[in-house]
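2 protein chains.
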Amino acid sequence: MKLPEFTIQLPEWVAEYVDQSPPIFPEIEDRMDFAIDLSRKNIEHQTGGPFGAVIFDAAGHLIAPGVNMVIPANCSILHAEMVAIALAQKVLNRFDISDGGRLNFDLFATTEPCAMCFGAIPWSGVRRLVCGARKEDAQAIGFDEGPKPENWTTALSDRGIAVIRDVCREKAAAILNDYVNSGGLIYNPDLKSINS
Amino acid sequence: MKLPEFTIQLPEWVAEYVDQSPPIFPEIEDRMDFAIDLSRKNIEHQTGGPFGAVIFDAAGHLIAPGVNMVIPANCSILHAEMVAIALAQKVLNRFDISDGGRLNFDLFATTEPCAMCFGAIPWSGVRRLVCGARKEDAQAIGFDEGPKPENWTTALSDRGIAVIRDVCREKAAAILNDYVNSGGLIYNPDLKSINS
Chain G
509 MKLPEFTIQL PEWVAEYVDQ SPPIFPEIED RMDFAIDLSR KNIEHQTGGP FGAVIFDAAG
569 HLIAPGVNMV IPANCSILHA EMVAIALAQK VLNRFDISDG GRLNFDLFAT TEPCAMCFGA
629 IPWSGVRRLV CGARKEDAQA IGFDEGPKPE NWTTALSDRG IAVIRDVCRE KAAAILNDYV
689 NSGGLIYNPD LKSINS
Chain L
509 MKLPEFTIQL PEWVAEYVDQ SPPIFPEIED RMDFAIDLSR KNIEHQTGGP FGAVIFDAAG
569 HLIAPGVNMV IPANCSILHA EMVAIALAQK VLNRFDISDG GRLNFDLFAT TEPCAMCFGA
629 IPWSGVRRLV CGARKEDAQA IGFDEGPKPE NWTTALSDRG IAVIRDVCRE KAAAILNDYV
689 NSGGLIYNPD LKSINS
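Chains as they are written, first to last, in our numbering: chain G, 509 to 704; chain L, 509 to 704.
Just chain G, same shape as in the assembly (with noise of 0.2 Å):
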């Protein structure tokens, strides 16, 4: 059996944005705005869903984007926030982001995490998570977060991970209503499929 292999590649658009990025980004909205623009493109471009994620370090350097590649990848485990936990682990070169807790590192997320990602947190070693829209506001277009329990804020910080909700909420929530008025595919609807 030849073993089959797959590989998390963003989109090519990606890298001509980063290149046109500032070296830094100052504030907290500065960083949730250049996430927001990833989701933005995603829709424009039409490789993959309305959501963007993205690994900040401490003081605001980009380590690595995400932008959710679930259905032109055809792989339901690349939401958003997987892809930047992912690349950033690479260019990092670490499976613990943290390094055993010595340094800080953000993940931003356009819609706050679904279950799986909500579980990915954890193992990552980001210590702090930064939402733009809302849960309700994924749901309100169909968009579901699966089975992610209720006090998954106070679990995240439970582990020392801190989480800051709503920041730039509403520019990240029109995002969402963009996508399903340009006619995006709300997916896996049996199941009740899919966020980020």
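Be aware that one or more of the hints could be misleading.
Put simply, identical chains are the same to the list, so a pair is met inside one copy or across any two.
[Said to hold, decoys possible] Lysine to aspartate or glutamate pairs mimicking EDC-like chemistry, simulated, CA-CA at most 20 Å apart:
id, residue 1, residue 2
1, 643, 674
2, 510, 565
3, 510, 524
4, 510, 520
5, 549, 520
6, 598, 513
7, 510, 527
8, 549, 686
9, 679, 545
10, 549, 678
11, 598, 674
Source of the hints: derived by calculation from the structure; they are not laboratory data.
Guided by the hints, dock chain L onto chain G, whose structure is given.
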């Protein structure tokens, strides 16, 4: 910026092992035995943690194997279940393994899934989850399954995904003990990390 990319690639020994396997695995225990063998060999070859997972079709044909590769691949999302899901979707060329609910595929996991893998299952399109060792078996040796909802089996069955537990449980749990006794790393201890 040259964009990072990341390839999910099984250890080389897996190909040889799969080549030696029968064309079909008739019984549910045969399928779990195969997954348990993967977890044991993953320890012997020092290619990751003591967890295996496999996607089988309803008749018992092997679609894609998975092993935990977090440490050697430096990627926290590479739990055995995630690897099996991503590679099965690659083999089948679709992000919904069930193809819109038409086809039944099972995910076998040598230990009950962690919070991340649990959350990934509804998006994958597998219609049945079959587990070996229990959470308690993994916790007994220091592993942590993360912030998974208490009612996780119900949460899956509510979404049309059957859960079968305790298949070859003792044999699967014995592998976890072998791993610790052989000096295997329980990683990310500061974040109470890992499972499967």
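Hint by hint, here is what the structure shows:
For the identical chains of this complex, residue 643 and residue 674 are intra-copy neighbours only, at 11 Å inside a copy versus 34 Å across copies, given an alpha-carbon limit of 20 Å. For the homomeric pair residue 510 and residue 565, the shortest alpha-carbon distance between copies (19 Å) is at most 20 Å, but the shortest distance inside one copy (39 Å) is not. In this assembly of identical chains, the alpha carbons of residue 510 and residue 524 lie at most 20 Å apart only when taken from different copies (9 Å versus 35 Å within one copy). In this homomeric assembly, residue 510 and residue 520 come within 20 Å of each other (Cα to Cα) only across copies, at 10 Å, whereas the closest approach inside a single copy is 28 Å.
Taking the closest pair of Cα atoms, residue 549 and residue 520 come within 20 Å of each other only inside a single copy of the chain (11 Å); across copies the shortest separation is 38 Å, beyond that limit. Both within a single protomer and between protomers do residue 598 and residue 513 lie at most 20 Å apart by alpha-carbon distance, with minima of 17 Å and 8 Å respectively. Taking the shortest Cα distances, residue 510 and residue 527 sit within 20 Å of each other only across copies (9 Å), while inside one copy they are farther apart (37 Å). In this assembly of identical chains, residue 549 and residue 686 lie within 20 Å of each other by CA distance solely inside one copy; the values are 11 Å within and 49 Å between copies.
Taking CA atoms no more than 20 Å apart as the test, residue 679 paired with residue 545 passes inside one copy only; the shortest distance there is 10 Å, against 50 Å between copies. Taking CA atoms no more than 20 Å apart as the test, residue 549 paired with residue 678 passes inside one copy only; the shortest distance there is 17 Å, against 50 Å between copies. In this assembly of identical chains, the alpha carbons of residue 598 and residue 674 never lie at most 20 Å apart, being 29 Å within a copy and 36 Å across copies at closest.
Hint 11 alone, counting from the list given before, is not met by this structure.
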